[in-house]
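Colleague: Relying on the hints, combine the two individually framed chains into one complex.
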Amino acid sequence: MADLVRLVGTWVVMAGVLAFWKVMIYRGGSLSEPTEVPFDELEKRYPNGGVGVAGPGMLAEIRSLPMLHKVIVRIMVANIFVAMVLASFTVPYILTRWGYGYVLK
Amino acid sequence: MTTHIERTEAIDASEPSPGGYYDRFGPLQKQADKWLTVGIILTGTFFVGPIGILCLARSAMIMRKAQRLGQQIRPWSITIIGTIVLIDASINFLGWGVDLSPIHDTQLGLTFDSGWGAMFDGAYYVDFNGHTSIGGSSAITEKAFQLIPVLIVMPMRIVAAVAFLQMRRVGYDYLIITSWMYVAMWVGYTASIALEFDHRLGNTLYGVTGWWAYNLPFILLWLVLPYLMTIEKRQFVSNGKPTVLPPPQEGPSR
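Heads up: the sequence lines are chains A and B, in that order.
One rule links them: number in our numbering = place in the first sequence (from 1) + 10.
Note that our numbering gives residue 216 to position 235 of the second sequence, counting from 1, and the numbers run on in steps of one.
Since the hints were derived computationally from the structure, they do not count as laboratory data.
Possibly wrong hints are sitting among the right ones.
[Stated by the list, open to error] So these bits of chain B aren't anywhere near chain A, every CB distance computed over 12 Å:
id, residue
1, Pro83
2, Ser114
3, Ile133
[As the list claims (entries may be wrong)] With a straight-line Cα cutoff of 25 Å, these simulated SDA-like cross-link-like pairs (lysine to any residue) come out:
id, chain 1, residue 1, chain 2, residue 2
4, B, Lys124, A, Val101
5, B, Lys124, B, Lys46
6, B, Lys46, A, Ile35
7, A, Lys32, B, Gly188
8, A, Lys80, B, Leu128
9, A, Lys32, B, Thr211
10, B, Lys214, A, Ile85
11, A, Lys32, B, Ile158
12, B, Lys214, A, Val101
13, B, Lys46, A, Arg73
14, B, Lys214, A, Ser74
15, B, Lys46, A, Lys32
16, A, Lys80, B, Gly51
17, A, Lys32, A, Leu78
18, B, Lys11, A, Lys32
19, A, Lys80, B, Glu177
20, B, Lys214, A, Arg84
21, A, Lys32, B, Leu37
22, A, Lys32, B, Val164
23, B, Lys46, A, Leu75
24, A, Lys80, B, Leu206
25, B, Lys124, B, Gln52
26, B, Lys124, B, Glu177
27, A, Lys80, A, Gly67
28, B, Lys15, A, Leu96
29, B, Lys15, A, Leu78
30, B, Lys15, A, Val87
31, B, Lys46, A, Phe91
32, A, Lys32, B, Gln53
33, A, Lys32, B, Ala194
34, A, Lys80, B, Gly188
35, A, Lys32, B, Lys15
36, B, Lys11, A, Val87
37, A, Lys32, B, Ala165
38, A, Lys80, B, Ala144
39, B, Lys46, A, Leu78
40, A, Lys80, B, Lys124
These numbers come from a predicted model, not from an experiment.
Cβ atoms here follow ideal geometry from the backbone N, Cα and C, with glycine treated the same way.
For reference, chain B alone in the conformation it holds in the complex (with noise of 0.2 Å):
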């Protein structure tokens, strides 16, 4: 027997939960997850990353925990999916809003760009505070390009991320628009550092196979748009409580 749900009826059917989204959840599931965002926060600074592995490890071992204690966790790959969406949302952010804002002109921000730009990006070394009105990078297409994702793409996507892994609608549905929106981002800044291939890959250490090796996991997170289209989107809820599946209907089969 097969049965027609709509949208609408998987989703709103009681009232809001006053404890949140973690009623959903066991009692471990909120302190993994402190752990996780701390982890993540300091995975995406660049500086103090190491620390934040071990924030992530941290936060693992407490979901294994509740797992064998019996308790309802998150599923894990949307913890996997999450993760690596706000990882790399928080390292774009800040990577790329440390040469958009002033923090380019201070010793720590010129160690991480210049050596960066040494490695794999030219522009980021070559001129660098020296070619356009705004300092940073020497690239003109660049400046133009930290726009997007410093002011709408990664902090919109750091958002939707969060609530993603509350396992809220909204985060769901904001994960696929700014999964496109990344998609979009990166067809753009590719073709762009490509245009001026002399000034920005000719002038590195590593050239071509050094940015693609270096940026390849960030860009291979289009993935994760398959992945949010073909999963069951039910799960998400909009007020905290489990989703309510109706019964199956009387009569015949559609």
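Just chain A, with the same shape it has in the complex (with noise of 0.2 Å):
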């Protein structure tokens, strides 16, 4: 009876994860596709060819993106600060902790 709650379990999991990449794959993939759109709605979102417009700066720019877009390019704007804080004093942190050498050996 352990055995075949295993197998049925195990095959249950598999399936649900077959399942989360068939809709991840179908679902995700065409929202990358070229949707049918308003043609002038397109020419204004993306004048120029999607070249970014002179004039309203970086901030007025993520705001004026879509809620998506907008959090997600907040979320990176901190993290290239973050990124650059660990990248920039990594180092020094470890020579004014430890010193240059071979440390804690």
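Modeller: What follows is the structure, given as structure tokens:
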């Protein structure tokens, strides 16, 4: 009985993983395909073939993005600062804490 | 009225541009990108990171100036996404590369790896250079995982991000491909460090919390994927000229 539960349980989980990726590929893939949108709207949203327009500035541009993009881009801005801080001060921190050489060996 | 635009209609619709991809932008964009590239490389080295910050700030100032002068520049969101991907890929490429290569025997490598290991990953200082056949980290799984980012994922991602910043189609496509690779790599890496918990996380100053605090900004880069899959891909072209959108079609709406 225990073996049966393990077998069935495992296959149910694996079927779930398969279903997850089916949804991801079918739905996620379709998101990246061109969709039917009003042409005027396309031109308004992507003037000059999508190259940024002069004027509004970084913050204004981020504010004007769709919600999903706005959230992701803001997280990435924070990430840039955090990554820069981590990358910039890891070595100075190591040097000031343990000095130059083979530490804690 | 709506119109259906095929993928192939929006790209390759014009002749290759002799000036390359920067013909799409104003003259200051190329200058800003030089500072951006230098800043990212310096930041990615870990060792001269503070200088990199200054270069990145200079790049942002030039782009801001270009916008004020009325010049066309790359969308800021593209710049931000491309920049964080490049910084992250450079950091991982060089950081793991130091441990995978004989640099781990140098005083510079020993200082960096052992110091980092003392804080976040015990395999980088307990029995460092003394357990595996190729030296460096004493975790066997870590050595195996280093081959994936150093030889495949991170160099691919650096090239893809540079092409993405130039708004080439190939950069966009490969950024999606390498983002999925990145997700797979982090799942495996996180599992491997957890499986050797006592040796790796148990032997650190900051433990599990420290590891997550340090690595979360890098792991969060999977969020680039939903962004990439929902932006207008026709912004990215193959021949350096602005995307040519076809005129509205006559006839009934579809």
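Colleague: Among the hints numbered above, which are violated by the structure, and what are their numbers in rising order?
Modeller: 5, 6, 7, 8, 12, 15, 18, 19, 21, 25, 29, 32, 33, 34, 35, 39 and 40
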